[in-house]
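Engineer: Whenever a hint applies, use it, and build me the whole structure from the sequences.
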Amino acid sequence: MAIEQEPGIRIEGLSKRFFRPAADGSGTEMLHVLDRIELEVRPHEFMSLIGPSGCGKTTLLRMIAGLARADEGSLRIGSEAITGPGPERAMVFQDFALLPWASVLDNVAFGLKLRRVRRTEREATALDLIRAVGLEGFEKALPRQLSGGMQQRVGLARALAMDPRFLLLDEPFGALDEISRRVMQDELIRIWESDKKTAVFVTHSVDEAVFLSDRIVIMSSRPGRIADIVEVGLPRPRTRDMEQDRIFIEIRARIWQALGL
Amino acid sequence: MAIHASAPPHTAPLVLPRRLRIPRPLVPTLSLAAGLLLWQVAGSVFRLDWLPPLSRVVADIGTMWAQGQLQPALSESVVNLVIGFVIAAVAGVTLGTLMSLFQKVAFALQPYVNAFLLAPSIVMAPVFFIFFGLSRATPIAVIVLYAVLFIAVNTQTALKTVDTQLVEMARSAGASRWQIYRFVIVPASLPLTMAGLRLGMGRCVKGMINGELFIAVVGLGRLDSSFAGAFDATGILAIMLIVVVVAVVATSAVQIVDRRLNSWLYREG
Chain A
7 MAIEQEPGIR IEGLSKRFFR PAADGSGTEM LHVLDRIELE VRPHEFMSLI
57 GPSGCGKTTL LRMIAGLARA DEGSLRIGSE AITGPGPERA MVFQDFALLP
107 WASVLDNVAF GLKLRRVRRT EREATALDLI RAVGLEGFEK ALPRQLSGGM
157 QQRVGLARAL AMDPRFLLLD EPFGALDEIS RRVMQDELIR IWESDKKTAV
207 FVTHSVDEAV FLSDRIVIMS SRPGRIADIV EVGLPRPRTR DMEQDRIFIE
257 IRARIWQALG L
Chain B
21 MAIHASAPPH TAPLVLPRRL RIPRPLVPTL SLAAGLLLWQ VAGSVFRLDW
71 LPPLSRVVAD IGTMWAQGQL QPALSESVVN LVIGFVIAAV AGVTLGTLMS
121 LFQKVAFALQ PYVNAFLLAP SIVMAPVFFI FFGLSRATPI AVIVLYAVLF
171 IAVNTQTALK TVDTQLVEMA RSAGASRWQI YRFVIVPASL PLTMAGLRLG
221 MGRCVKGMIN GELFIAVVGL GRLDSSFAGA FDATGILAIM LIVVVVAVVA
271 TSAVQIVDRR LNSWLYREG
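Chains as they are written, first to last, in our numbering: chain A, 7 to 267; chain B, 21 to 289.
Be careful, since some hints might not be right.
Ranges between beta-carbon positions, derived for each pair [unchecked claim]:
no., chain 1, residue 1, chain 2, residue 2, range
1, B, L118, A, F25, 28 to 38 Å
2, A, A181, B, P140, 40 to 50 Å
3, A, R121, B, F127, 35 to 45 Å
4, A, G90, B, S283, 30 to 40 Å
5, A, V189, B, S283, 29 to 39 Å
6, A, G90, B, F127, 26 to 36 Å
7, B, L118, A, S32, 36 to 46 Å
8, A, F24, B, V265, 53 to 63 Å
Since the hints were derived computationally from the structure, they do not count as laboratory data. Glycine included, every Cβ here is placed at the ideal spot set by N, Cα and C.
Structural biologist: Take a look at the structure:
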């Protein structure tokens, strides 16, 4: 792995507006979703974006993924502007976005199939990752036969199979019950700590953000701005007993304060 | 997989007393058998001209078959049906795909599509007759007209309702436009498209018999009109039974293809 000079993501003066029909029916209203965002995602860090609904954190992530365009400002990886999706970035979706007709194996291998990787090769990679996310024995199962937690394991394995440098996670555990959610957090952090791909993680959950992240970006609602950035000084590997740690508790309090709650 | 422990009581089907309970898969068969039995009994008891008993109708089919009267008509009709369905399917799926791709054009064409969907297609039969004359093309054109827009609209809906999240996922994974089509939109829209084709086949059967009745010189329709001319209720009911069988076989054929293409939907679990 090349350590030196590996670029992160630079976001400068980023603004985004949406237009939608006004609630009172008087033509269209403008939503200022993101307002001059300045942010740097450092290589190999786990960064969380947290904020109230409608603060534009998902929009920001979609722009990093190349799925949405900025109105103003720029996003760059090193010196290259982000103009669309790219092979160095892979995304994990809140509602899993699995192909319902495809087996676990085919879902995990999907990104490689798009890249025209030979079948035997992509299936070997997929099988490795299926094992890594603990789904051994479910290769032939269809998504609907799996629980939500297992489906998101597939989503995670699919993203990892593309061997991206950046892992973009859009509230990946938001659709899960609290118990599966905790299990998946442990799973994610175990996998992430093994090779530390730069991760941008959108979440609604303060505790989840503290447990997983190196840095937490707290956003305020419309227009979406960065209210605060908190460094999480907890050592790695992360363990659950750190939730009792004084640092953990202080950071949690600081985030709630920054959110104004 | 969440399995619901019990359905809410108000949505439960009519519950028969335990001793009357019939295995579910048998219910349609039994109901059909009861209907046929009723027909047989009513026909032989009341001895009405317009209601010959089932046994006589079946015997009539046997006689027509033995005399070689039925086979040419049946094969003529079935060949028309197959050709008409294939044309309607290919044209309908193509048209539906184009309508989903060029939504503005589709929107502009909507009144025409609706007009042809709502108007009974048989009114066009004389036009086809002028166009194609007594050739096989006339009934085939009627069959195609009965189903093509129906299939097109179903295909359009199938393509329009594909989960946008899946498209987004493919896009983020670097899929090209073509790959999004090939690997996401086509498989995702296939179940609804196939449902449209299955129903389209039913409409083709209607088109087949209506077209032939109108032209009255070919296929089962010719036999039917000749029986009608002779007030031969047995013959008419015989043709009706045959048409029903043709319709069931034809739709089952589409269903077999559907089960193969969308096997993931029918997998247990």
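Engineer: Next step is simple, just say for each hint if it's right about the structure.
Structural biologist: Hints, verified against the model:
Checking the proposed 28 to 38 Å range against B/L118 and A/F25 shows it holds: the Cβ atoms sit about 30 Å from each other. For the pair A/A181 and B/P140, the supplied restraint of 40 to 50 Å holds, since their beta-carbon distance comes to about 48 Å. Separation of A/R121 from B/F127 is about 37 Å and conforms to the stated range, judged on CB atoms against 35 to 45 Å. Under the hint 30 to 40 Å, the C-beta atoms of A/G90 and B/S283, about 35 Å apart, fit the expected range.
Taking the beta carbon of each, A/V189 and B/S283 are about 32 Å apart, inside 29 to 39 Å as hinted. Checked against the hint of 26 to 36 Å, the C-beta distance between A/G90 and B/F127 comes to roughly 29 Å, which is consistent with it. A C-beta distance of roughly 37 Å is found between B/L118 and A/S32, which places it inside the suggested range of 36 to 46 Å. A beta carbon spacing of about 58 Å between A/F24 and B/V265 agrees with the range 53 to 63 Å that was offered as a hint.
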